[in-house]
Every structure is written in C-alpha cells, then in structure tokens.
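Chains as they are written, first to last, in this note's numbering: chain L, 34 to 315; chain B, 34 to 315; chain G, 34 to 315.
It is possible that part of the hints are untrue.
[To be verified] In silico SDA-like links for lysine to any residue, alpha-carbon gap of 20 Å or less:
no., chain 1, residue 1, chain 2, residue 2
1, G, Lys306, G, Ala289
2, B, Lys71, L, Pro94
3, G, Lys71, B, Phe90
4, B, Lys71, L, Phe90
[To be verified] With the C-beta cut set under 8 Å, the calculated list includes, among others, these residues of chain L facing chain B:
no., residue
5, Tyr56
6, Gly60
7, Pro87
8, Gly295
By construction, these hints were calculated from the structure, which means they are not laboratory data.
Positions of the beta carbon are idealized from the N, C-alpha and C atoms, including for glycine.
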Amino acid sequence: MNQSFDTFDTADTAACEAIISSYNTYGGIMDDCPWPSKSMIESLLMAIRNLLFPGYFDPNPIRDIRTTTLETLATIRSLLHTGLTDTRLAKTSGQAHAVVDQFFQYIPTLRSILKTDQMATFDGCPAANHPDEVIVAYPGFWAILVYRVAHFLYQQGVPFIPRVMTEIAHSDTGIDIHPQATIGGHCFIDHGTGIVIGQTARIGQHVSLYQGVTIGALRIPRRGNNANEKRHPTIEDSVTIYARTTILGGDTVIGAQSIIGGNLWITASVPAKSRLVNKAIQ
Amino acid sequence: MNQSFDTFDTADTAACEAIISSYNTYGGIMDDCPWPSKSMIESLLMAIRNLLFPGYFDPNPIRDIRTTTLETLATIRSLLHTGLTDTRLAKTSGQAHAVVDQFFQYIPTLRSILKTDQMATFDGCPAANHPDEVIVAYPGFWAILVYRVAHFLYQQGVPFIPRVMTEIAHSDTGIDIHPQATIGGHCFIDHGTGIVIGQTARIGQHVSLYQGVTIGALRIPRRGNNANEKRHPTIEDSVTIYARTTILGGDTVIGAQSIIGGNLWITASVPAKSRLVNKAIQ
Amino acid sequence: MNQSFDTFDTADTAACEAIISSYNTYGGIMDDCPWPSKSMIESLLMAIRNLLFPGYFDPNPIRDIRTTTLETLATIRSLLHTGLTDTRLAKTSGQAHAVVDQFFQYIPTLRSILKTDQMATFDGCPAANHPDEVIVAYPGFWAILVYRVAHFLYQQGVPFIPRVMTEIAHSDTGIDIHPQATIGGHCFIDHGTGIVIGQTARIGQHVSLYQGVTIGALRIPRRGNNANEKRHPTIEDSVTIYARTTILGGDTVIGAQSIIGGNLWITASVPAKSRLVNKAIQ
C-alpha cells in the first residue's frame, strides 16, 4: 500500500512536469476562459424553452403566469448577460443588457414562427396524435427551435454562444444546422438524424426535410480568400427533400414546389416544380 | 449598476406582457400538464433497465435479489402509476394499477425475447468479446429494449409515454423506432445511427439492420382519411439489410432470407431469397 | 386506497417470483459486476478532457497550473485504477498503477497528435472562426479525442473500458470508431453523424471524413475462425471521403491523395490520386 502510494507520488510529479511542458509547446490551455461553459449554455437553452412553452417541460405547475414569466425572464437575463460579458462581446454591462432586451422583444415573433413549424410538423407526420406531441417529442422541432434562437443571437453579433447552442441540438438530435443559415417558417424536419444544413444555405418557407439530407458545400474554399462566399445551396419555397439526398454548392438552386426523391446527389440547379425520383428497384 | 437594474425591471415587465399576450394568440402554454415529464419517463426507463438486467447498471451491488427486485418493482409501479394517472388514461387508480400489473406479468416474456436479441447481436458482431458487452455497450440493443417496452405499453393503450420512450432511445442512439411497429425476436441492429422504422412497419424474426437503414413511407398520406393505413414495408424472416438502404411503401415486402446490399432505394417487393447488391466500384 | 395497496402487494410479490425465475432461466443478472459503471467511465473521460485542455471545460478558473494538474492526475489515477482492478485485468494494485503511469507518460504525445487533429479541423472547416472553437464545439474532434484515449488503453490490454468510452462518444456525436482501429494524425471529421470506422480499419494521416461515411466489413465473418482477420479497409494518407460513402472489405485500399465523391458504395481498391465522383444531377 505504501509502496503504491510512493509510485503514485513520484510518477504523478514527473508526469505533471511533462504535461505542463506540453501546454507550453502545443498550447490548448486557457487561464482565463473568454466564453461561458457548455453547461451554462445548456441551462440558458432550458430556460428559453420554458419561456417559449411554459408548463410543457418544467415539472412545477404554473400558478401565476405573470410571476412565472418574470422569474424565467430573470433567469435568462442573468445567464445571457453573464455569457455576453464573459465572451467580452459586450464592452459594458449596458451593452449586454441591450442584447438581452432585443432578444426579449423578439420572443412573441419567435413564438409565432415556431407555431408555423409546429403545425407543419403535425400536418406532415401522420404518426403525431396531437400538436402538443410535436413540442415535446419531435427532435426536428427541437432542432429548429434551437436554430431560431441561435440565429437571432448570431444576427445580433453574439459570438460563440449560438454555435454551441446548435451543437447541443446536434448532439441531442443528429441535426446540424449552422446558426448563420437562413430558414423560413413552416419548416418540417422528420426523424432528422444525419441532417446537415451549412452556414450560407438559404431555405424558403414550407420546406420539408427528411433524415440524412445534406445542404452542403461542393468544394471547401481555402480560408481567407472566400470564407464569406455563398457556398451552400438555396432551397426555394414548398420544396420536399426525401431521405439522405445530398445537395451541394453555392450556386445550386432547387426551384419552388420541387419534390426531390431520396438518396440523390445533386450539384446543379433544378427548375421549379421538378420531380426528381431515385431510380429505385420498383 | 442601479441604472442597469432599472433597465432590467422596465424591459422585463414590458417583455413579460408581450409574451403573455403571445401565449393567448399562439397557444403553447399548458397550465395543467396532462403527461409526465420527460425526466420522469427517463427515470422509469432506468428502473426498468435495472429490473431487466440487475447488477449491470446499478452501481450498488445486489445483496438479496428478492429485496432488490421488490424495491425496483415498487419504483416502477410508483412512476408508471403516476404517469398513467397524470395522462388521464386511467380514470381510476385501479385501472392504472391493472396496466402496471400486466406490464409486470410481461417481464419474464420480455426477458426471453431480449435474450434472443442479445445473442443475435453477439453472433452478428465479431467485435463483441462477450455477450455481456451487448447489454452494456451496444446502442442497437438499447434501442430494441426500449422499443419492446414501449411497444407493450402502446398495445395496452398507454398514450404518449411509449412515444417519449422511443424518442429518448432515438436521442441516445440515432435509432428511431415507432412504438407501434412490429419487430420479431432475434433482432440485430449494428451501429444504428440513422435507422428509421415507421409506425406500420412489420419486421420478422432473425432480421439484421445496419446503420442508416430506413423502413419508411413512400408517400405521406393526408391526415384523417388514411392515418391507420399500412404505409410502411414488411420485412420477412431472416432478412439482412446493409447500411443506408431505404425501403418504402406499405405494399413493399422483402421476402424471407433476402440479403439487400447497402445504399439501395427500394419501393417495390422482392421475392424470398433475393440478393440485391449495390452496383459498386469493384 | 387500501384496496389498491393490497393489489399492489400481492401482484408485486407474484411478479417478483416469476422475474427471479426468469433470471435463473435466461441469465442477465450480475451479482458481482466485473467492470466499472458507465457513469464512472464518463467521469474518467471528463477528467481526461480537463487534463488535455485545462480551462476549456472546467468552470473553475486555473489559479496554479501545477496544483490543478496534480489534482486532475490524482482524480484520473483514482478512477482508472479502480476501473482496472474492478475489471480484474490488473491482478495487483501495482499492475493497475503501471497502466496509469504509462497513460500519464503518453499525455504529451497525445496532446501533440490532438494538436494536429485540431488544426486539420480548423483548416478544413471555413465555418470555424478560431482554433479554440474546434476544441469546444466540434463533435468530430471530441470523437477523435475519445478514440485516441481509448486506442491507447486498448493497446495496453485494458478490456471493456475503451469500448465503453468510444460508445459514449458515439452517443454524443453519432460517430462510431472502434478503439482497435488505427488512425493517423491530422484527422478531420466534419459533422460526423453516422460515421462508422470498424475494428480492423487502418486510416493514414491527413484524412478527411464527412458525415455518414462507413469504413466497414464486406461480409461478417463467422465468429471463431477469423475474428482477428483484417475485414475493414485501408485508407492511405491525404484521402478525402465525402458524405455517406461506404467503403467495405479488408482487402480494399483507397490509394493516397484520392478524393472520393459522396454517396458511393466501394468494395474494391482504387489507386493513388483517384478522383471518384458521384454521377450527380448536374
């Protein structure tokens, strides 16, 4: 017993020095972290979910909606304000409060858009028995909710936090939507696992996406000379894209009201009302 | 500091009124939630897992199996009874107890079926060193376990809870199995991520499914006129379906003992003992 | 109320006996678990992450790097030592300490390799604004980090723990890498969901893999006669494989500097500098 503790001490002290030396050589150490922790961003998302859909997720019953709402707003303000000042985006506390104020003012609009996503999902999925099931049990709805929150904060110039939010949703659902992508209302994402929507994608209203669809880049541009170039497709209104179809390229446009059969690989535009069907065994 | 708190109060009070107004306009508020929380359903699933495989997941060693089992049964009864009365399925406490009793009586049968799934997985995956590894570390086994629990409760008419159970497994594993689907014994699901098995699918015994396989609907029926129609395929006994093949349609039947090569898109029936191989680069 | 409790007691006692009988018939009960719990392995992984990238994940600021490092090493030693003696790999406490010592000595080398993976990811993904984003928000980097830890322990002969580690990463990211696979430095995995890398795969340096790629087995060998045979492909240096391509077979070699277009199904070798492009709609 004593022998193993001696081994322990000696070995750990030597290992410690070698590891500290590797921090100096390779970096990857952060003395003063410039962003909020992932667990803090998760808490923020849970509070935002309670604000958007009170009573659906919080085990405590609502007794007085005004008190509940003010308490939830206070939680969100505290977390988001701390997150913003931690990331040093906001030079002053007042700037951070201004971002929070803008977010709070956006909530009714956000709720109206999410209502369209919820109903598009309910209408699109015969397995749903009630619209409330969409709110509680549909991964596509959770992914789009998180995306819409992250997209708004991204547009306000908030760094880092939106990207971690969408990555939390990606881990929960297998749906990876970059916060900079643009997605219209009435969005229906079914099953979802494996969906990727890239940073400069533009997606219209009333679009349906099934599991494994990629809206991605055709070639990966070298960093620096064209990082902000549009490198992901445009999907116009009322398009349906079936499972595991891959659509690539910044100039690629899928015309409105098209139906794109699954397992396809598309790198050029198609006109409105196209019907592309996989050459199936049929 | 005082200034920012003044901003805080005024802004939040105004935001609060606008948000409450949006609850009235768009709904999505639930004063008196008719279902158990997701975290409660997760606790229920963990307790069921401890009942099915005692000692594998619970960090506490089993001292007396009779005491341990009775305690686990009491936990499950309490959670499931509360869940059932919360969902208002059960008009009386006695009705809820009857559902729990039926579930408890099903446990030995469920354990015998899961044994066939466990051995099919062990036999199918050369990377598994011991059948116990399947219980602890195979996502396909966890997904099929949760499906079999959810399917039984679904058959007893339990609303909502089974669907949330399979969605928890979907989030954990990327495998989305609707609780109404029918799946025979000796089921082997490998890797799993991206698998979708739809509501009216029928899958026989000794079926093997690899990552990304979809057993889905060819067209999405309009709600109301044919929601209960069979819209997902039938997979007969002893079929193997390799990675990312999509099989669609309620009339599509994959005949017994067929082997279906990966990345295929199939919308019509194939006879027994079919060998469909992807036209690969070979 | 009394009536339902009577029902409760009688039903549970009867169910208990039937369930205990099923433990005797079908097994699946473990009185004395020979491996550490999944939650313990998760704690171990979190401590290893804090050691590899101090300050990035731990909410507590680093005050004195020497103290912080020694504390983290002590946590890892305690968890890994317990895990090793629990799995009965280590016949003596000293043997377990020796494995921990080897792991600690490997940390600087591991950090140097992870630096190459981090920079390959940053260079490969124009959406990343800073290399630190890769450490905190890229699922591919988390999957490769966990794989590299698991692979080292696997090489030291540690049973069970490495496989559970990679399965934890699989659940988090949808990326399933067997700990026995060999993967060179500068590895870039983007989006990741649905990637499978099999047990005997060999992957060179500077390889890029996109979502849904499988490096898998062509046929599943029967257990016993060829379980250690190489049944997964070799991917040579500087190969890029786009989304959802499936490459199968132990004799299949993708030659160096090849670019493999997405959604392909490949079961034979291709020479160096190959350009395989999906016959897209273009």
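How the hints compare with the structure:
A C-alpha spacing of about 6 Å is found between Lys306 of chain G and Ala289 of chain G, which places the hinted pair at or below 20 Å, so the restraint holds. Between the alpha carbons of Lys71 of chain B and Pro94 of chain L the distance comes to roughly 15 Å, so the proposed pair stays at or under 20 Å and holds. Of the pairs offered as hints, the one joining Lys71 of chain G and Phe90 of chain B holds, with about 8 Å between alpha carbons and a cut-off of 20 Å not exceeded. Annotation: proposed proximity of Lys71 of chain B to Phe90 of chain L holds, straight-line Cα distance about 8 Å (limit 20 Å).
The beta carbon of Tyr56 of chain L comes no nearer than 33 Å to any beta carbon in chain B, farther than 8 Å, and the hint placing it at the interface is violated. For Gly60 of chain L, the shortest C-beta to C-beta distance to chain B is roughly 32 Å, which exceeds 8 Å, and the interface hint is violated. Against a cut-off of 8 Å between C-beta atoms, the interface hint on Pro87 of chain L holds, since the closest Cβ of chain B lies about 5 Å away. Given hint, Gly295 of chain L at the interface with chain B, holds; its Cβ is 6 Å from that chain's nearest Cβ, closer than 8 Å.
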